[in-house]
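Engineer: Go by the hints and put chain G onto chain L.
Read top to bottom, the protein sequences are chains L and G.
Residue numbering for the first sequence follows this note's numbering, starting at 1203 and increasing by one per position.
Residue numbering for the second sequence follows this note's numbering, starting at 11 and increasing by one per position.
It is possible that some hints are incorrect.
Residues from chain G shown here face chain L by an in silico Cβ test under 10 Å; the list is partial [claimed, not checked]: (1) Met11; (2) Gly124; (3) Leu231; (4) Asp272; (5) Leu283.
Some chain L residues flagged as far from chain G (calculated, every beta-carbon gap over 12 Å) [claimed, not checked]: (6) Leu1310; (7) Ile1325; (8) Leu1419; (9) Leu1474; (10) Glu1538; (11) Phe1546.
Label pairs and their calculated CB-CB ranges [what the hints assert, rightly or not]: (12) G:Pro290 <-> L:Phe1374: 27 to 37 Å; (13) G:Asp194 <-> L:Asp1437: 27 to 37 Å; (14) G:Pro271 <-> L:Pro1387: 32 to 42 Å; (15) G:Pro129 <-> L:Thr1375: 25 to 35 Å; (16) L:Leu1419 <-> G:Leu191: 49 to 59 Å.
If you're looking for bench data, these hints aren't it; they were derived computationally from the structure.
The structure presented is a predicted model; accordingly, all values stated were derived computationally and were not measured.
Ideal placement from N, C-alpha and C gives every residue a C-beta, glycine not left out.
Each chain, letter by letter, is given below.
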Amino acid sequence: MTATRPSARSGVDRPAGPSPLRRLLPGAPAAAGPRGSTLLRHLAGAVLAGTLVVLLTNQLAPYQNLQVARVCAFLCVTAGYTVLVGLNGQLSLGHGALMATGAYTVALVQRAFDERGVQGRWILPLSLLAAVAATALAGLVIGLAAARLRGPYLAGVTLAVATLVPAISTIFTGVFNGEQGLRFPAETPPAFLGAYFQPERWLAWIALLAALLTVLLLANLVRSRFGRSLRAVRDDEVAARLAGIHVARTQVLAFVVSAGCAGLGGGVYAVLTATVAPGKFPLELSLFLLMAIVIGGLGSLAGAVWGAVLLVALQDLPSLLTETFSLPSGLAQRLEGNLALAVFGLILIVVMLAAPGGLHGAVRTLAARLRARRRAH
Amino acid sequence: MDRFLFLTFGGLSTGAVYAAFALALVLIWRAARVVNFAQGAMAVATAYVGYAVASATGSYWVGLGAAVLAGLLLGALVERVLMRFVGHANPLNEVIVALGLVLLIQAVLGMVFGNGYRPAPAPFDTDALTLGGIAALSPYDLWVLGAVLVVVVLLALLFTRTPIGLRMRAAAFAPEVSRLLGVDVGRMLTLGWALAAAVGALAGMLVVPTGLGLHPHAMDLVFVVAFTAAVVGGLDSPAGAVVGGLLVGLILSYVTGYLGPDTTPLAVLVLLLAVLLVRPGGLFSSARARHV
Chain L
1203 MTATRPSARS GVDRPAGPSP LRRLLPGAPA AAGPRGSTLL RHLAGAVLAG
1253 TLVVLLTNQL APYQNLQVAR VCAFLCVTAG YTVLVGLNGQ LSLGHGALMA
1303 TGAYTVALVQ RAFDERGVQG RWILPLSLLA AVAATALAGL VIGLAAARLR
1353 GPYLAGVTLA VATLVPAIST IFTGVFNGEQ GLRFPAETPP AFLGAYFQPE
1403 RWLAWIALLA ALLTVLLLAN LVRSRFGRSL RAVRDDEVAA RLAGIHVART
1453 QVLAFVVSAG CAGLGGGVYA VLTATVAPGK FPLELSLFLL MAIVIGGLGS
1503 LAGAVWGAVL LVALQDLPSL LTETFSLPSG LAQRLEGNLA LAVFGLILIV
1553 VMLAAPGGLH GAVRTLAARL RARRRAH
Chain G
11 MDRFLFLTFG GLSTGAVYAA FALALVLIWR AARVVNFAQG AMAVATAYVG
61 YAVASATGSY WVGLGAAVLA GLLLGALVER VLMRFVGHAN PLNEVIVALG
111 LVLLIQAVLG MVFGNGYRPA PAPFDTDALT LGGIAALSPY DLWVLGAVLV
161 VVVLLALLFT RTPIGLRMRA AAFAPEVSRL LGVDVGRMLT LGWALAAAVG
211 ALAGMLVVPT GLGLHPHAMD LVFVVAFTAA VVGGLDSPAG AVVGGLLVGL
261 ILSYVTGYLG PDTTPLAVLV LLLAVLLVRP GGLFSSARAR HV
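Next up, chain L with everything else stripped away, as it sits in the complex:
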């Protein structure tokens, strides 16, 4: 998928503009515009989306703002995850564990400063950066192994990683405080916003900034030469190799990028409650994340947004049901948690069987069909 040179052997005149091959490739740059316009377009989109969400947070109640913040934290993770699974074809089940890595890094860094009595606004970005770095490093280690593994083998290894979280936190109880987990100072709004500024709104803004940065970075990465390498490796390793792509390096790099995003998301997720505990990162979390990217459509960043929203919305479903229908407490207790699990599992199966492209893929197929019909007329 390197630049297509006009081939000497075909005597046919090539049409001006992008080559037919390029137009056929999914996700390849459509109209060849001037360089940098993709970045500008994405930047404008991010600023617009950011402004809208900020305006929205001004209208919402504290709990709803916290939900917005959770959506944004999950979006960091799902965006990176969908690039790895959908565009590079590596199925990792360890992204819950990677989130835990980011979350614990934030907690440890913040506690380290707190114990020495150091305070300041810069501690939060620093701890999040540390979370990204630590998780990217973990991703490098897993990715190096993953580059040699395929399909179900990789899924099995990363599943083993996901079962590690509680074990690690109990083995090193001195550092991670076992099942209890760690607390660290809660994030408060800065003074210039006024004394009565809603803390949840501030948290939502932090998470939003993280999500926008992640999606912006990934959107450009996906459209770049590296993004095309990712897809080439997924579709045919031999062909990619022949085209001059270093297969193993591409796979490892994809894992590192994806892990870094998961670390950022995990870190923000920890900041929202100012606590981390192994119970927050069970095996199902990784499966929830998988559901989120499958339902949105594997490999689609817009789908990652759908997924993150549904992830948060569906987790609140049981409590909503019990409140609306005033279920007996025994039944409510059994539904608690399990109902969301069942719905997630069903969605995963039904989407995989009926619409493997996910919601976003279904919408896109429909749009393409309409366009084709219009062209036919």
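Structural biologist: Using the frame of chain L, we list chain G on its own:
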């Protein structure tokens, strides 16, 4: 030395269960080229059925029979209703559907039976008999080893000595040719899934009383260990699965005994990675060329 022997016998007993589990994985892999990530959850579901029947009838053996029967049905159902319709465009699809099934089964179990632990009494004494002053196997360990041995022998006989076994092997190795020769490949696939799920159900019934307890997530770690055992033996080899299961059981028994139970998941990961990176085809594979 006493401790070493004790851990060895304990490792063989748990290893036998892992071997049965790994065998279930290998059966499906050979038949359909799918690693059934829902194997653990399916085994838990059948164990719930087994113990519900056992406590209703008062007989462990009726419960065991019910669990194996439930396994046969569940396996056939999963293949007929789900796996048959999964698109093969992407090799990840089957794994993702199986993972969805895990969520669904665990949630349904939690809703019907509750998320708490349920008692699962063992049919035999689980205290170890002392042999010449050394704590060796308990009667329950002997039953586990015996049951797994019988299953392995029966499966070997089925696949090598019966016409249906021959047809199943043919359908797995050359589906097109077998179809031309009149083998109902689809039915063989269903049968393969049913058999594998029944073996998994037996393994689940055997492993639950050994300090694991019965709850919806009982098999999460067991599945990872069984996957490791199957990979150690090579996913294609039933004999390898049995040896791999015993080997992994022994190694984990030593690790748990000498380093503490918390280190078990770490040991599983290290073992799995070591085998996959050094001998990706398992310990019993012959060298095979890889494309890239």
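Engineer: Please name the hints from earlier in the document that this structure breaks, with their numbers sorted from lowest to highest.
Structural biologist: Violated: hints 1, 10 and 11.
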